[in-house]
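Novice: For reference, the chains in residue letters:
Number of protein chains: 2
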Amino acid sequence: MGATYLGEGRCRFRVWAPYADTVALHIVAPEDRIVPLNRAPRGYYEAVVSTVPPGSRYFYLLDGKKERPDPASRYQPEGVHGPSAVVDLTRQPWPDERWPGHPQEELIFYELHVGTFTPEGTFQAIIPYLPELAALGITAVELMPVAQFPGSRNWGYDGVYPFAVQNTYGGPHALRQFVAACHQQGLSVFLDVVYNHLGPEGNYLGDFGPYFTDRYQTPWGRAINFDGPGSDEVRRFFIENALYWVTEFAVDGLRLDAVHAIFDQSARHFLEELAASVRQAAAKRGRRVYLIAESDLNNARLIRPLVVGGYGLDAQWSDDFHHALHALLTGEANGYYRDFGQVEHLAKAFRCGFVYTGEYSAYRERRHGGATELCAPKQFVVFAQNHDQVGNRALGERLSTLVSFPALKLAAGVVLLSPFLPLIFMGEEYGETAPFQYFTSHTAPELAAAVVKGRRAEFARFGWAAVPDPQDEATFRRSRLHREQLQEDQPRALFAFYRELIRLRRTLPPLTNPSWEQMAVTAFEHERVLLVR
Amino acid sequence: MGATYLGEGRCRFRVWAPYADTVALHIVAPEDRIVPLNRAPRGYYEAVVSTVPPGSRYFYLLDGKKERPDPASRYQPEGVHGPSAVVDLTRQPWPDERWPGHPQEELIFYELHVGTFTPEGTFQAIIPYLPELAALGITAVELMPVAQFPGSRNWGYDGVYPFAVQNTYGGPHALRQFVAACHQQGLSVFLDVVYNHLGPEGNYLGDFGPYFTDRYQTPWGRAINFDGPGSDEVRRFFIENALYWVTEFAVDGLRLDAVHAIFDQSARHFLEELAASVRQAAAKRGRRVYLIAESDLNNARLIRPLVVGGYGLDAQWSDDFHHALHALLTGEANGYYRDFGQVEHLAKAFRCGFVYTGEYSAYRERRHGGATELCAPKQFVVFAQNHDQVGNRALGERLSTLVSFPALKLAAGVVLLSPFLPLIFMGEEYGETAPFQYFTSHTAPELAAAVVKGRRAEFARFGWAAVPDPQDEATFRRSRLHREQLQEDQPRALFAFYRELIRLRRTLPPLTNPSWEQMAVTAFEHERVLLVR
Numbered sequence: 070m071g072a073t074y075l076g077e078g079r080c081r082f083r084v085w086a087p088y089a090d091t092v093a094l095h096i097v098a099p100e101d102r103i104v105p106l107n108r109a110p111r112g113y114y115e116a117v118v119s120t121v122p123p124g125s126r127y128f129y130l131l132d133g134k135k136e137r138p139d140p141a142s143r144y145q146p147e148g149v150h151g152p153s154a155v156v157d158l159t160r161q162p163w164p165d166e167r168w169p170g171h172p173q174e175e176l177i178f179y180e181l182h183v184g185t186f187t188p189e190g191t192f193q194a195i196i197p198y199l200p201e202l203a204a205l206g207i208t209a210v211e212l213m214p215v216a217q218f219p220g221s222r223n224w225g226y227d228g229v230y231p232f233a234v235q236n237t238y239g240g241p242h243a244l245r246q247f248v249a250a251c252h253q254q255g256l257s258v259f260l261d262v263v264y265n266h267l268g269p270e271g272n273y274l275g276d277f278g279p280y281f282t283d284r285y286q287t288p289w290g291r292a293i294n295f296d297g298p299g300s301d302e303v304r305r306f307f308i309e310n311a312l313y314w315v316t317e318f319a320v321d322g323l324r325l326d327a328v329h330a331i332f333d334q335s336a337r338h339f340l341e342e343l344a345a346s347v348r349q350a351a352a353k354r355g356r357r358v359y360l361i362a363e364s365d366l367n368n369a370r371l372i373r374p375l376v377v378g379g380y381g382l383d384a385q386w387s388d389d390f391h392h393a394l395h396a397l398l399t400g401e402a403n404g405y406y407r408d409f410g411q412v413e414h415l416a417k418a419f420r421c422g423f424v425y426t427g428e429y430s431a432y433r434e435r436r437h438g439g440a441t442e443l444c445a446p447k448q449f450v451v452f453a454q455n456h457d458q459v460g461n462r463a464l465g466e467r468l469s470t471l472v473s474f475p476a477l478k479l480a481a482g483v484v485l486l487s488p489f490l491p492l493i494f495m496g497e498e499y500g501e502t503a504p505f506q507y508f509t510s511h512t513a514p515e516l517a518a519a520v521v522k523g524r525r526a527e528f529a530r531f532g533w534a535a536v537p538d539p540q541d542e543a544t545f546r547r548s549r550l551h552r553e554q555l556q557e558d559q560p561r562a563l564f565a566f567y568r569e570l571i572r573l574r575r576t577l578p579p580l581t582n583p584s585w586e587q588m589a590v591t592a593f594e595h596e597r598v599l600l601v602r
Numbered sequence: 070m071g072a073t074y075l076g077e078g079r080c081r082f083r084v085w086a087p088y089a090d091t092v093a094l095h096i097v098a099p100e101d102r103i104v105p106l107n108r109a110p111r112g113y114y115e116a117v118v119s120t121v122p123p124g125s126r127y128f129y130l131l132d133g134k135k136e137r138p139d140p141a142s143r144y145q146p147e148g149v150h151g152p153s154a155v156v157d158l159t160r161q162p163w164p165d166e167r168w169p170g171h172p173q174e175e176l177i178f179y180e181l182h183v184g185t186f187t188p189e190g191t192f193q194a195i196i197p198y199l200p201e202l203a204a205l206g207i208t209a210v211e212l213m214p215v216a217q218f219p220g221s222r223n224w225g226y227d228g229v230y231p232f233a234v235q236n237t238y239g240g241p242h243a244l245r246q247f248v249a250a251c252h253q254q255g256l257s258v259f260l261d262v263v264y265n266h267l268g269p270e271g272n273y274l275g276d277f278g279p280y281f282t283d284r285y286q287t288p289w290g291r292a293i294n295f296d297g298p299g300s301d302e303v304r305r306f307f308i309e310n311a312l313y314w315v316t317e318f319a320v321d322g323l324r325l326d327a328v329h330a331i332f333d334q335s336a337r338h339f340l341e342e343l344a345a346s347v348r349q350a351a352a353k354r355g356r357r358v359y360l361i362a363e364s365d366l367n368n369a370r371l372i373r374p375l376v377v378g379g380y381g382l383d384a385q386w387s388d389d390f391h392h393a394l395h396a397l398l399t400g401e402a403n404g405y406y407r408d409f410g411q412v413e414h415l416a417k418a419f420r421c422g423f424v425y426t427g428e429y430s431a432y433r434e435r436r437h438g439g440a441t442e443l444c445a446p447k448q449f450v451v452f453a454q455n456h457d458q459v460g461n462r463a464l465g466e467r468l469s470t471l472v473s474f475p476a477l478k479l480a481a482g483v484v485l486l487s488p489f490l491p492l493i494f495m496g497e498e499y500g501e502t503a504p505f506q507y508f509t510s511h512t513a514p515e516l517a518a519a520v521v522k523g524r525r526a527e528f529a530r531f532g533w534a535a536v537p538d539p540q541d542e543a544t545f546r547r548s549r550l551h552r553e554q555l556q557e558d559q560p561r562a563l564f565a566f567y568r569e570l571i572r573l574r575r576t577l578p579p580l581t582n583p584s585w586e587q588m589a590v591t592a593f594e595h596e597r598v599l600l601v602r
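The listed protein sequences derive, respectively, from chains A and B. Each residue of the first sequence is one higher than the last, beginning at 70 in our numbering. Each residue of the second sequence is one higher than the last, beginning at 70 in our numbering.
The hints are simulated quantities; they were obtained by calculation from the structure and are not laboratory data. Please note: incorrect hints may appear among the correct ones.
Covered, in the sense of this in silico footprint (three residues per stretch, anywhere, with C-beta under 8 Å from a C-beta of chain B), are these stretches of chain A [stated by the list, open to error]: (1) 335-341; (2) 496-510.
Chain B side only, calculated, beta carbon under 10 Å to chain A, not exhaustive [what the hints assert, rightly or not]: (3) Asn107; (4) Asp296; (5) Gly299; (6) Phe332; (7) Arg337; (8) Asn368; (9) Val376; (10) Val377; (11) Thr426; (12) Gly427; (13) Arg435; (14) Lys447; (15) Thr512; (16) Ala513.
Note that the structure is predicted; figures quoted are calculated from it, not measured. Backbone N, C-alpha and C define an ideal beta-carbon position, used for all residues, glycine too.
Same shape as in the complex, but just chain A (with noise of 0.2 Å):
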């Protein structure tokens, strides 16, 4: 799908659009022109078009009235509203076809925002960083989504193309090179992918086809229609995405955000035709790659093998890990935290993945999750933060500035020296103060507005005074890292005290790939003691 350069100034434009009776492809640049569509089965259109060099924008014109970008654009040079762009990643060399990966068992995230990790907000800027990444340990650099979102500043869960790299973070060509840059530095690339909506700005895919569907809701937007009429092809056009971030940028994971809102009856869900998909795209270039949910549901269901009726993913997030840790570290007790502070919570959490796997839970008012039979401690990942937890607090403290010193300590030891996949925030790894807040970048007014207002609600009990304005360019530039803090003492002590339990970690014959029938956990509830062996 997209449009595909084939060379030579040829370029293959394909497009599915059961709604439109017509559609005609309208290009801008370098030259304006209009190239009716051929229809071809199943509600798509398609031209092989001569004279449409890379970077030529163009527009699909549907019964020749509405003007529209391409759903599945490789590229928003001029943002979500303005005209797509013909890519050629055949120009780009691609040096690391033999770079192996990781086996899954030595997999340590790093969860990146390419917006606040440098001043430059760019993939280029990152490049240098790298080396030191790559000291610190960790094996893997998880991207938060980098698809097209309106404006320059945004977590990513707006993004609106799922096949155009952001144009402020340098584009597809600057993407590629990340990868390269990262796999040279031995260090796995992940990419956060968003397959449960589309934000709310630039959205236009509604204007094409069946994308949505009214049956089932979510709290951010329309549901996608996996299960409906022309689901086929829906379900094919985030297929289609994730083989792209696999084959043309060698991705070697995908983390897939909030699948609990990807809605599916059919019988064979979405995600067990994803896995599937991905696995044999994987398989014929040689390479793991690895699908990673996170999820809502704590239902082992989702990384379970086939044959026992799973999805086959590779593992998922535990929420649940993190509340235990967090409640015990800060005390907190509000929201759903009230489900958590006990060491035992802790305890279960290390014995099972999950706290909750079926037990009632007051924060819900209802039973929640199952048991996790069947599973890998390697198929979790854990973390003291991540950009959720820290982000979608009122003021997006960071856990450095909400607990002591050494109490940071406690968490990196509990979180790196688990038996599952650890993951760090950007930051993390030297006590970071910077908050990390919520902004958002739209360029419609009554989004602007409605953005602002939607978070004051949410955080009502705090005051709205104190909740920063997400439009606001200093909410963004607040959420700034500052790595020269790891030119001071606590910062650098902290970094090696990452470094040092990473490394035991990868070392340490019980910590390398630790299974469930080897540990013995036990809580000391009076003396606050967890014991793991």
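Following the hints, position chain B against chain A.
Specialist: Chain B alone, transformed into the frame defined by chain A:
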């Protein structure tokens, strides 16, 4: 839940009403009085009350304002808007504890609508016909839903009191008598239960607690809350309902209506929990109780065992088998029949239970269904007619008025000699010619008008004048059986043919418990012949 009679005028009332701050019992007969209930954990209210003999009538009074019947009412003698009544089932002798039931492969269903089987429209009036049904050879009577619905005429899918046996059918005592009479004739009893929605009239459950959710949409009304806050209690309500039929009425199985509209994302699906609960209760009484799903999903997960990730139901309906057969017999190709019409479709149904196991469906505009590995033929219920396939035609025509007499015999042979569990729709066995039309008897005027309008819109392509008025009592009367037709030659011959086919099915070794491994199915498209060996 509900009013449990304890003997000597004492009764325990228990209701889940988390939306209410106070709940009182308003006894309206035999003597008017108000008794406050005590708050129990998780939103329950309860009390043991004296001097409430069986037959006492009551409402619940929510917050001193709203007077409502009991959601778990055992009996609504005055209909859906009237008071609930205390029922004492222990007074009724229960003679057939030694009833052995039937092994699954011996089940031959006879789907029966109580209101139209006899002119009286009661359980009582059916009993004299049971010997005739037993002589036919069927082994299980499957009652269309008997939960209290508005008015006196309804298919049963507008029920609003899942525990209350329809008053105009004779109420709970009459159902118990009916089950006993069936068992005495060697007939199992299955009950059609609706756990995916409640009817639109007399539905007061939303005043008590979060029984419903807006997260999902059903075609018939608000989706039931199986996975949100408070869902433990909602699940318990429906599971207790299933157990009520099993333990108090000794039913042999439940037919679960339209489970594709039971939306549940939790780690343990409601159907899985239901199956485990029913199995446990049945085992305690040394019996087998079957759970058979109607499902539009063609998903074998429903009927696979737990160890391979299934929900553990016993069987499911195969609409595909019906559609393949019906399209061949009638040549109809509109609506969902467009996906069928070739002998190969029926052959596939014989080979797999479903026709669509992942193939593209033109009608659904997407791939449909999944493989049925690890399932046995006896896990699929098949039919040439049923209440839906007859009644959801604009005019409710039975197959007897659509195809020739030899074609009726062919249909009977295909169904009754198939490796699956056959189901006969009442009257089919003698070629009943009366239609089975869609009828209701809503008392709320605006609802009545909406039903008529909706029905006409559904069949607009036939011209609205042709669609019978569901509210018109004549529509109901037209749908009654005329078993006196059995005195005529052709009906008698068809009945004898059905009886002989059933005898063959029950005695010929290859038909008594067939497996797919022993079958060979070949379609000869040109000759319109299906060969099954």
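Novice: Each of the hints needs a verdict: does it hold here or not?
Specialist: Hints, verified against the model:
no., hint, result
1, 335-341, "holds (count 3)"
2, 496-510, "violated (count 0)"
3, Asn107, "violated, 21 Å"
4, Asp296, "holds, 7 Å"
5, Gly299, "holds, 6 Å"
6, Phe332, "holds, 8 Å"
7, Arg337, "holds, 5 Å"
8, Asn368, "holds, 4 Å"
9, Val376, "holds, 7 Å"
10, Val377, "holds, 5 Å"
11, Thr426, "holds, 8 Å"
12, Gly427, "holds, 7 Å"
13, Arg435, "holds, 5 Å"
14, Lys447, "violated, 20 Å"
15, Thr512, "violated, 31 Å"
16, Ala513, "violated, 27 Å"
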